[in-house]
Amino acid sequence: MTHRIVVAGGSLAGHSAVAELMALVPDADVVWVTGERHRAYSKPALSKEFMQARNEIADLMLPGIEGDLGRLRIVSESCASLDPSGQSVVLGNGERIGFDQLLVATGARARMPDILQGVGGVFPLRTLDDAVAIRESLAGKPKVVVIGGGLIGCELAASMRTLGLEVTLVEQLQSLLERPFGGAFGTYFLDLHRDNGVELIMGGMVERLAVDNGWVAGVKLADGTTIDAQLVVVGAGSEPCTHWLEGSGVAVDNGVVCDTYLATSRPAIFAAGDVARWMNPVYGIQMRVEHWTNASAQGRAAARNMAAALTGRQELRKAFGDVPYFWSDQYGQKIQMVGWHQGHDHVELDRSGEAPGPLARFYRDGRLVAAAGINAPRIVMKLRRQIEEEARALQAA
Amino acid sequence: MKIIVDRQRCDGNGVCMGIAPEVFDVDDDLYLHVAENIPEDPELRARVRQSITSCPILALKLVED
Ligand SMILES: Cc1cc2nc3c(=O)[nH]c(=O)nc-3n(C[C@H](O)[C@H](O)[C@H](O)COP(=O)(O)OP(=O)(O)OC[C@H]3O[C@@H](n4cnc5c(N)ncnc54)[C@H](O)[C@@H]3O)c2cc1C
Ligand code: SF4
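Same order as they appear, the protein sequences are chains A and B. In terms of my numbering, the first sequence opens at residue -15 and continues consecutively. In terms of my numbering, the second sequence opens at residue 5 and continues consecutively.
Derived from the structure by calculation, the hints contain no laboratory data. Please note that a few of the clues may not be correct.
The calculated BS3-like cross-link candidates involving lysine-lysine, where the alpha carbons are at most 30 Å apart (straight line), are [said to hold, decoys possible]:
#1 B:Lys6 / A:Lys366
#2 A:Lys204 / B:Lys6
#3 A:Lys366 / A:Lys302
#4 B:Lys65 / A:Lys125
#5 A:Lys127 / A:Lys204
#6 B:Lys65 / B:Lys6
#7 A:Lys125 / B:Lys6
#8 A:Lys204 / A:Lys125
Model the full assembly from the supplied sequences, consistent with the hints where possible.
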């Protein structure tokens, strides 16, 4: 009997899962509903190499799926809903596709505050089309305002400065990259961007846009100042794409709620990547991780657990425990973070001189939970293994 | 199984090392070292393939024996 597996989501989590399912379940038909008119591509490069015109669209495409492609159908539509019976999805064009198993890998989308919508020259950055649109508007050497001092905002500011554009960055808080790095590096990021010529407006509240003939002309702040702008790029965070699951009975709470096996609250439905909030046994808490490496590893892990259920090969079934990892690249500085620092009660800056750049360790109840480093990949990776080993020892105890 | 690194592209972000540290090692000069001989272990080889797909700059290529 052939099984039908639907994978929803055409980025890295979906790609890793499809590749693994094709290899492990030889008799399955796989329908990959991508929601994309492009093949799967590298998102991290969009704000970095691609924005700096150091590579082109063709360089971003992930390798094709291998195997018997007769069993794989790729559909560029989106899933509009999941049937409450939990046995079929309905696509945007009305087509209904029944399944034995479903993987939800629909990721996240950029958050765009209402006051920033509907004006020319104002862009979020989440997709290849966003990145192409931003790149196209760079030709006239615009004056750029970046809204948001998170990862996307800071990387965009760095890329725009690397291209020699005039850049102002507005952030509500008094520090940059507060959420990803938990404030561990003090003023390091402020200095880095200032030294590279970004005008920083810290504690700045955007009130509205100044508009001229439908195009952005400036950004007005709550304190009454206006910053001139011909291009505004927005890094205001993201939200998981779970709207299509409403009413389906799949439990959603800031992401699709999953157990340690990446199984959702409904039988035969799994989730992976930015959309999934799963119980991470390494930390014993629910977390939703929005990193490239996680999307890859989770897509594969979910596929293996799905294959175990379909084929009865129990050796494939495994809890997914992970120490999250991500990097950022700004002005050639390699900034890396491992672990989960939320809820830490103590940060320690390493002054031993062992690391070639700044290094921070995060602790909770005396246990190492995360580490961040700049230009220190080896020691950061060593700490990642240490976090993993300590967690394993704790579980065994 | 042999891995080819495009040195023009690789920027040492260590994603490959995060997935298969047995095979990939980025040093403090951000230079990527790749193990000469990759053990036959199918689980490891699957992760090596996954590293190649996950390299955000698509700097890795695989040559199967
Ligand atoms: C500009 C940028 C830079 C980044 N840089 C880094 C970095 O340096 N390091 C790092 O670790 N991470 C980085 N990230 C984060 C990383 O890209 C994400 O964690 C990763 O893309 C998550 O992959 P995913 O497959 O879970 O989901 P996504 O990449 O969000 O993809 C979701 C997919 O689902 C599809 N989809 C959505 N809704 C539906 C639907 N209803 N039906 C069918 N399909 C649907 C979409 O079309 C898309 O294909 C960056 C992200 C961006 C946007
Ligand atoms: S993931 Fe790619 S770019 Fe990063 S270190 Fe490995 S080969 Fe180099």
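Okay, the hints, checked on the actual structure:
A threshold of 30 Å between alpha carbons decides the hint, and for Lys6 of chain B with Lys366 of chain A the separation of about 25 Å falls inside it, so the pair holds. Among the hinted pairs, Lys204 of chain A with Lys6 of chain B is inconsistent with the structure: their alpha-carbon atoms are about 56 Å apart, more than 30 Å. The straight-line distance between the Cα atoms of Lys366 of chain A and Lys302 of chain A is roughly 24 Å, inside the 30 Å bound, and the hint therefore holds. At roughly 36 Å between alpha-carbon atoms, Lys65 of chain B and Lys125 of chain A are farther apart than 30 Å, so this suggested pair is violated.
Of the pairs offered as hints, the one joining Lys127 of chain A and Lys204 of chain A holds, with about 15 Å between alpha carbons and a cut-off of 30 Å not exceeded. Under the criterion of a C-alpha separation no larger than 30 Å, the hint pairing Lys65 of chain B with Lys6 of chain B is consistent with the structure, at around 8 Å. Among the hinted pairs, Lys125 of chain A with Lys6 of chain B is inconsistent with the structure: their alpha-carbon atoms are about 44 Å apart, more than 30 Å. In summary, the hint linking Lys204 of chain A to Lys125 of chain A is supported, as the alpha carbons are separated by about 21 Å, within the 30 Å threshold.
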